[in-house]
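K.L.:
Chains as they are written, first to last, in my numbering: chain A, 1 to 266; chain B, 267 to 528.
Because the hints were derived from the structure by calculation, they are not lab data.
Please read all numbers here as calculations on a predicted model, not as lab measurements.
By construction, the Cβ of each residue, glycine as well, lies at the ideal position given by its N, Cα and C atoms.
Possibly wrong hints are sitting among the right ones.
As the list claims (entries may be wrong) - The calculated SDA-like cross-link candidates involving lysine to any residue, where the alpha carbons are at most 20 Å apart (straight line), are:
id, chain 1, residue 1, chain 2, residue 2
1, B, 432, B, 408
2, B, 361, A, 64
3, A, 157, B, 400
4, A, 73, B, 454
5, B, 402, A, 82
6, B, 432, A, 161
7, A, 241, B, 332
8, B, 400, B, 377
9, A, 73, A, 51
10, A, 157, B, 456
11, A, 161, B, 454
Stated by the list, open to error - A few chain A residues that don't get close to chain B, going by computed Cβ distances all over 12 Å:
id, residue
12, 17
13, 118
14, 192
So you can see what is in the structure, the chains are spelled out below.
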Amino acid sequence: MATDTDKKKQPGIAILIVEILILAFLVYYTIMAMLAPVIKRDALETEFGFIQDDKKENNRDFTTDSAYLSLLKQKSYLESRVKMANTDSIYLTISLPDSTVNLEISGVSVHTAPIKHYELSRIIKKGNEYVISSFLSRPFTIQKDYSSIPKEPLMIKMAPKDTSEYQPDIIPDTADFEPVNYIMEMDNGIRLFIYQDENKLNPGDHFHRITFDFRYRLAAFIETLRSVLVFKVPDYHPYIKIRLPRSDAKIIYRAMPKNGQVALFR
Amino acid sequence: MEFDKPNNELYKDQTNEGMSGGAIDKHPADQEIPKHSWFAKVFQNILISLIGVITLFVLIVFFTWLIPAIQEIPTGERTRITNSVEMKNDPEYKKQIAQITKDIQRLTGKYNSYTTGQSYLVINTTDNLFYLYKNKKLIREGHCSSGSYKMLKTEEGRSWIFKTPKGKFWIQGKITNPTWRRPDWAFVEEGLPIPSQDDPSRYEYGVLGDYAMALGDGYLIHGTLYKRFLGMPVTHGCVRLNDEDLEAIFHSLTIGSSVYIY
Numbered sequence: 001m002a003t004d005t006d007k008k009k010q011p012g013i014a015i016l017i018v019e020i021l022i023l024a025f026l027v028y029y030t031i032m033a034m035l036a037p038v039i040k041r042d043a044l045e046t047e048f049g050f051i052q053d054d055k056k057e058n059n060r061d062f063t064t065d066s067a068y069l070s071l072l073k074q075k076s077y078l079e080s081r082v083k084m085a086n087t088d089s090i091y092l093t094i095s096l097p098d099s100t101v102n103l104e105i106s107g108v109s110v111h112t113a114p115i116k117h118y119e120l121s122r123i124i125k126k127g128n129e130y131v132i133s134s135f136l137s138r139p140f141t142i143q144k145d146y147s148s149i150p151k152e153p154l155m156i157k158m159a160p161k162d163t164s165e166y167q168p169d170i171i172p173d174t175a176d177f178e179p180v181n182y183i184m185e186m187d188n189g190i191r192l193f194i195y196q197d198e199n200k201l202n203p204g205d206h207f208h209r210i211t212f213d214f215r216y217r218l219a220a221f222i223e224t225l226r227s228v229l230v231f232k233v234p235d236y237h238p239y240i241k242i243r244l245p246r247s248d249a250k251i252i253y254r255a256m257p258k259n260g261q262v263a264l265f266r
Numbered sequence: 267m268e269f270d271k272p273n274n275e276l277y278k279d280q281t282n283e284g285m286s287g288g289a290i291d292k293h294p295a296d297q298e299i300p301k302h303s304w305f306a307k308v309f310q311n312i313l314i315s316l317i318g319v320i321t322l323f324v325l326i327v328f329f330t331w332l333i334p335a336i337q338e339i340p341t342g343e344r345t346r347i348t349n350s351v352e353m354k355n356d357p358e359y360k361k362q363i364a365q366i367t368k369d370i371q372r373l374t375g376k377y378n379s380y381t382t383g384q385s386y387l388v389i390n391t392t393d394n395l396f397y398l399y400k401n402k403k404l405i406r407e408g409h410c411s412s413g414s415y416k417m418l419k420t421e422e423g424r425s426w427i428f429k430t431p432k433g434k435f436w437i438q439g440k441i442t443n444p445t446w447r448r449p450d451w452a453f454v455e456e457g458l459p460i461p462s463q464d465d466p467s468r469y470e471y472g473v474l475g476d477y478a479m480a481l482g483d484g485y486l487i488h489g490t491l492y493k494r495f496l497g498m499p500v501t502h503g504c505v506r507l508n509d510e511d512l513e514a515i516f517h518s519l520t521i522g523s524s525v526y527i528y
């Protein structure tokens, strides 16, 4: 029979066991999460890495030359743009050296927006130059997006039954106060975050951005958790985070088709 | 053995013999809780709740901010840049550089050829602005009106969405003094019965301005009587312009000219 001392000790031991289990899970989760970018990097290197071709006069050593790599980047970007221009669809080009984002249709630039600030995932920023250039030589296609504004601001109006019910339309409210933040998930795993950026943001806008970002982070955590719970290394998604003036961010989001394409020049 | 005694027994022995000299003592649990002890319990509960909230907050920060930050810690080796002079003098290297440069020139030439030297029109439907280009230079810009994004629904289940299509279009027809042939929605919207296809009530004169340019599928670039609405999304999908802009655009664009709407 358990004594009173034992009874008092039992909850203490239970708490300790729970604490150890939580700690073990956190360590396991962290390890799995840290493995994700490594696996992504390896996958990219396998798919886009340098292949020595004896028939061609290419040489792995060339990929250590900055002039060669710079030309390769330009070529990759142009290849992407030409591929996209051959469609009649609206597409987006991001040129980080110029700090601009361009909306283009069939090779014609129709709208240019200045990038106020950007942030790249380390794998894109500091990964193997040759691999990343090859990876970016294909345009990426939007698969899903999350936004603070509707793609099409539809207003539903029921038709009047007769002329007595008819009321002419009132002048639309063109005041533009809604915060513009959105995230585009690409087919190649890249996540493009576009946030509004103005010199003077309202405190409400800051709060909105934080909550918008948090909701997405929470969704990403749940996705990671699902993988981790079945002992699978979660998918790693390299990111591109860009801040644009609110009006430009809105124009771009509204203009981009649901499965629009994007090219990046870094 | 003394060790086998339960704690309360030990307590009872000690108090009976040593402290109160045989008087009946209350068990600690039966004693009245002093006021300071009640405050201590409340404080303890607040502390436990606070620790719980902080733990939850730390866990949220850990999973949503710290883990993504940890994932960005460099893992692989960076590209080793040597810029070796020896390699630069290698004929193979020179050949490769020449080939890539040639490819870039070819791709740049191809890309630049997409932008025509002829006149073309660009329409921004979000801000309701237009830009007219000639010889790759902006020659005119101003306000226009585009689709209202209104969805008109009838009780019978018919519906129309009044939005301007986006993408690349071209001028398929140019009309002077155009007549508007009112589609079904124009009657439905006003609560009027829909007339037959060639009913005279379908034809309205002078409402589209002096000129119209067809983009296909019934979409037109035309003038308007409601100039105060220019710069606003109020149309049924067509693009409306003021008289001067319409005239300039009409005379600049030819059949086949490109119109880019975004």
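K.L.:
Return the numbers of the hints above that this structure violates; sort them in rising order.
P.N.:
Structure breaks hints 3, 4 and 6.
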